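*Asks:* Letter by letter, the chains look like this.
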Amino acid sequence: MSHREHVEESLDAIRRSKLNAFITVDYEGARRQAEEADAGELDGRLAGIPIAIKDAISTKGLRTTCASKMLEDYVPPYDAFVVKKLREEGAVIIGKTNMDEFSMGTSTETSFFGPCKNPWDLERVPGGSSGGSAAAVAAREADLALGSDTGGSIRCPASFCGVVGLKPTYGRVSRSGLVSYGNSMEQIGPIARTVEACATLFEVIAGYDPLDSTSRDVPVPHYVARLTDEIAGLEVGVPQDFFGEGVDPVVENATWEAIAVLESLGVHVKETSMPNLKYALSAYYVQAMSEASSNLARYSGIIYGHRVQKDHDWHTTFSENRASGFGKEVKRRILLGTYALSAGYYDKYYLKAREARALISRDFQRVFKQFDALIAPTMPYVAFKIGEKIEDPLSLYKVDINTVPINLANVPSLSVPCGRKGRLPIGMQIIGDQFNEQLLFNIAFQFEQNTNNTCAL
Amino acid sequence: MITKTDVEQIAWLACIELDEEDMQAFTIQFNAILEYFEELEDIEAEPIEEEERNVLRADEVTASLTQQEALANAPRVENGYFRGPRIL
Chain A
0 MSHREHVEES
10 LDAIRRSKLN
20 AFITVDYEGA
30 RRQAEEADAG
40 ELDGRLAGIP
50 IAIKDAISTK
60 GLRTTCASKM
70 LEDYVPPYDA
80 FVVKKLREEG
90 AVIIGKTNMD
100 EFSMGTSTET
110 SFFGPCKNPW
120 DLERVPGGSS
130 GGSAAAVAAR
140 EADLALGSDT
150 GGSIRCPASF
160 CGVVGLKPTY
170 GRVSRSGLVS
180 YGNSMEQIGP
190 IARTVEACAT
200 LFEVIAGYDP
210 LDSTSRDVPV
220 PHYVARLTDE
230 IAGLEVGVPQ
240 DFFGEGVDPV
250 VENATWEAIA
260 VLESLGVHVK
270 ETSMPNLKYA
280 LSAYYVQAMS
290 EASSNLARYS
300 GIIYGHRVQK
310 DHDWHTTFSE
320 NRASGFGKEV
330 KRRILLGTYA
340 LSAGYYDKYY
350 LKAREARALI
360 SRDFQRVFKQ
370 FDALIAPTMP
380 YVAFKIGEKI
390 EDPLSLYKVD
400 INTVPINLAN
410 VPSLSVPCGR
420 KGRLPIGMQI
430 IGDQFNEQLL
440 FNIAFQFEQN
450 TNNTCAL
Chain B
0 MITKTDVEQI
10 AWLACIELDE
20 EDMQAFTIQF
30 NAILEYFEEL
40 EDIEAEPIEE
50 EERNVLRADE
60 VTASLTQQEA
70 LANAPRVENG
80 YFRGPRIL
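These protein sequence lines are chains A and B, in that order. First residue of the first sequence? That's 0 in numbering that gives the first Met the number 0, and the numbers climb one at a time after it. First residue of the second sequence? That's 0 in numbering that gives the first Met the number 0, and the numbers climb one at a time after it.
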């Protein structure tokens, strides 16, 4: 099959789709890039492969909305670092995927362009915030996708849609060109149907970028070449703190069955505990909201973005532009962040959240002296119904209980499918120490080869 | 306990005009969320080891956006400038 034919299959799947996984589809650009790949003008590790990109990542000349009315007409004048890397390797960028507005959510319901749906059950959410990316890959509307993960936004939809998704070590992938939300915690990462494809995409996007001052100059290993490395003899910890109240027993059982598979492959497993994780949800939300209130201050509707018809004085004009450009959840987080950073409350909320983050990081440092990796359920349950939680923000925040600790500790975590409840996929996360993504891929690869959980439709 | 007046004040600080309905709903939701965050008060203050560091580079002039590119997304432009709201 030619690249053009292969890309056309993706475009056909998108055209027939009921998922609303894409905000913008670049039919013309995708066909042109596929033809260039066929003509041998594009080569590289991803030549001719259709890839979908979360709409929070800048693509030169291709609308980038962050699923917000605020950026409905925004066309970036430059490519994000990761997008440049994809182009260098010949990838075919087919479109921009649906997400929670400004990445703030766990269900892809807060999008200005309407909710995205779960490919396994159209009445359910795909997870979020990178819901469109995971849904598109699961439904074969794209072979690969990029998401971003601030508190679980790659791993949650990967788990709910039955695909593989990695939240990398903080600093491993450049954030240059990613629209900022909680910048001390977020990373761009790969989503794919198999561990090998996920590792291939990660190898392309990882690396140092002087344009991101938090990007780290650490050599990028050949993850794919070492995918089959032996895992027998590894020490894996299972922290009981990820199996707290609210975890569905079916999810718990699936995780333990997966752990038994790894034991049969020679991995040594032991239970452990990380007592400070109980603060993770509060610490994450206080910090993310505080950072959001600062990061989103730039949207005034003057240099770019949504602007109301009639101008008043500066303050009123800004306030009206922001009132009509942002959705409810974005307003909630900006306001709560503004409050947490305001005089008199900074010590009570923001500083305490920073202290909690330090304690949680220390918990991870301690367990990684004893274990090579940790295993836990990615999400406490399978995908929930659209509309089920959206009216009660706190109940929606609590969905992130198992994913946020990883972002607070700057460590990598790979979510892989490990079972089902009915038709709905269940994911487990394999968590490693900083810059140890290789080990996560190796464990996931052996697990995948010895089980039959690959969930793609 | 946060009141509607507090929410109005925060909205002013954050430069986001809120309608009456949002103000009511946010007041209730913020109280529930902030009550949840109060668990952080149990944490014994410990000095935070700062991981952040300054990253500096030489101040070299390199190619950047053209004026046309920089203005391309602006809702209002006049004579090659961004047009803001009036000051007086």
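Watch out, some of these pointers could steer you wrong.
As the list claims (entries may be wrong) - Okay, the calculated beta carbon distance ranges per label pair:
1. B/18 to A/297: 19 to 25 Å
2. B/34 to A/27: 47 to 53 Å
3. B/86 to A/31: 42 to 48 Å
4. B/12 to A/248: 30 to 36 Å
5. A/262 to B/7: 53 to 59 Å
6. A/260 to B/27: 42 to 48 Å
7. B/18 to A/42: 17 to 23 Å
8. A/297 to B/34: 28 to 34 Å
9. A/341 to B/63: 42 to 48 Å
10. A/44 to B/38: 45 to 51 Å
11. B/4 to A/420: 43 to 49 Å
12. A/71 to B/7: 26 to 32 Å
13. B/38 to A/42: 15 to 21 Å
Said to hold, decoys possible - Within a straight-line C-alpha distance of at most 25 Å, the following computed SDA-like cross-link-like pairs (lysine to any residue) qualify:
14. A/327 to B/4
15. A/277 to B/61
16. A/59 to B/39
Everything labelled a hint here was simulated from the structure, so no lab data went into it. On a predicted model such as this, the values are computed, not experimentally measured, just so you know. Using N, Cα and C, we set each Cβ at its ideal position, and we do this for glycine too.
*Asks:* Report the numbers of all earlier hints that the structure fails to satisfy, in ascending order.
*Replies:* Of the numbered hints, 4, 7, 9, 13, 15, 16 do not hold.
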